[in-house]
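> On the provided structure of chain C, position chain G as indicated by the hints.
The lines below spell out each chain.
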Amino acid sequence: MSDAALPDYPGYRGPAAATRLRKLLPIISGMRAAHEEALARLDEAFAKGLDAQDERTAVQDRIDALARQNRRGGTR
Amino acid sequence: MSATPMPLPDDLRRAARAAAWPNRDSERAGVAAIDEAVMAKVAVHEAYLAETADKFADQTRDTLKDSDAALSAVTDLTASVRRGDTAVDAASAAAYKLNRARIAKSLDDLAYAESHIAWLVERCADPYASVTRILEKFASLRAGRGYDL
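Protein chains in written order, with our numbering: chain C, 2 to 77; chain G, -19 to 129.
Bear in mind the hints are in silico, worked out from the structure with no lab data behind them. It cannot be assumed that every hint is accurate.
As the list claims (entries may be wrong) - DSS-like cross-link-like pairs, simulated, lysine-lysine; straight-line CA separation at most 30 Å: (1) 77/G / 49/C; (2) 85/G / 45/G; (3) 24/C / 85/G; (4) 85/G / 35/G; (5) 24/C / 21/G; (6) 35/G / 24/C; (7) 77/G / 45/G; (8) 35/G / 117/G; (9) 49/C / 85/G; (10) 24/C / 45/G; (11) 21/G / 35/G; (12) 45/G / 35/G; (13) 117/G / 21/G.
One chain only, chain C, in its complex shape (with noise of 0.2 Å):
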C-alpha cells in the first residue's frame, strides 16, 4: 500500500467558486479595454478642441487686426 499513488482530494465547493470567478474575468477584460479606449477618445476630443479653438482665436486675431488697420483707414 505504501507504494499506491495518493487519492486527489475530491473537492467541493472551491472548484465552483473558481469557476464563478473565472466567469467574470473576460467582463473585466472587456471593461478595461473599453476604459482605455474611452480616454484616449477622451484625450483626442479635447486635443482636437484645443486646436479649433487655437485656430479660432488665430482666425479672431487677424480679423482684429484688420479691422484695426481699417479704423486706421490705411492698407499695408
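The following block gives chain G in isolation, referenced to the frame of chain C:
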C-alpha cells in the same frame, strides 16, 4: 489520538501508508482515518476560500458597475466635446481632469480585481495544494497543531 505537530498533508498520508500495521484491515482503516482527517482540514480551508471567492465576486460586480458609470460619463463628455456642445474651457477642463482621474481609478480597481481573481481561482481550484503551500510557507502554523486524529 492527541494533537501532534502538523506534518505536510502528503507526508502524513505517505507515512500512514508506509507504517507497519498489524494486518490489512487495520492498515486500511488507519490509512482511511488519516486521509479523512487530512481531507477534513482541507475542506475547512476550501469552505473559507469559496466564501472569500464569492464575496470577492460580489465586490467585483460592484466595481464593474462603478466602472461602467465612469465609462458612460467619459463617453458622454467626449461626445459632447466632439459635437461642439461642450466648449474646451476652464469648466470642461475641470470635467476632463475629473473624468480622467475617475477612469484611472477604475482601471486600477479592475487591474486589482483581475489579479486577485487569478490568485483566488488558483487556490479554489486546488484547495489541497493551497493548504500544503500555506503549511510550507508558514512553518509556525504547524507547531502544536494536529489533524485531530
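> If a hint holds in the structure, say so; if it doesn't, say that too.
Evaluation of the provided hints:
Simply put, residue 77/G and residue 49/C have alpha-carbon atoms about 16 Å apart, close enough for the 30 Å limit, and the pair holds. Using a Cα cut-off of 30 Å, the hinted pair residue 85/G and residue 45/G holds, with the two alpha carbons roughly 13 Å apart. Restraint check: the Cα-Cα separation between residue 24/C and residue 85/G comes to about 23 Å, which is no more than 30 Å; the hinted pair holds. A distance of roughly 21 Å separates the Cα atoms of residue 85/G and residue 35/G; the hinted pair therefore holds under the 30 Å criterion.
Proposed proximity of residue 24/C and residue 21/G is supported: the alpha carbons are some 28 Å apart, at most 30 Å. For the given pair, residue 35/G sits about 15 Å from residue 24/C by alpha-carbon distance, which is consistent with the 30 Å threshold. Restraint check: the Cα-Cα separation between residue 77/G and residue 45/G comes to about 21 Å, which is no more than 30 Å; the hinted pair holds. Taking the CA atoms of residue 35/G and residue 117/G, the gap is about 25 Å. The hint holds against a cut of 30 Å.
Under the criterion of a C-alpha separation no larger than 30 Å, the hint pairing residue 49/C with residue 85/G is consistent with the structure, at around 25 Å. With a C-alpha separation of about 16 Å, the suggested pair residue 24/C and residue 45/G falls inside the 30 Å cut-off, and the hint holds. Straight-line distance between C-alpha atoms of residue 21/G and residue 35/G comes to about 22 Å, which keeps the hinted pair within the 30 Å bound. Restraint check for residue 45/G and residue 35/G: the C-alpha separation of about 16 Å stays at or below 30 Å, so the hint holds.
Restraint check for residue 117/G and residue 21/G: the C-alpha separation of about 17 Å stays at or below 30 Å, so the hint holds.
Checked against the numbered hints above, the structure breaks none of them.
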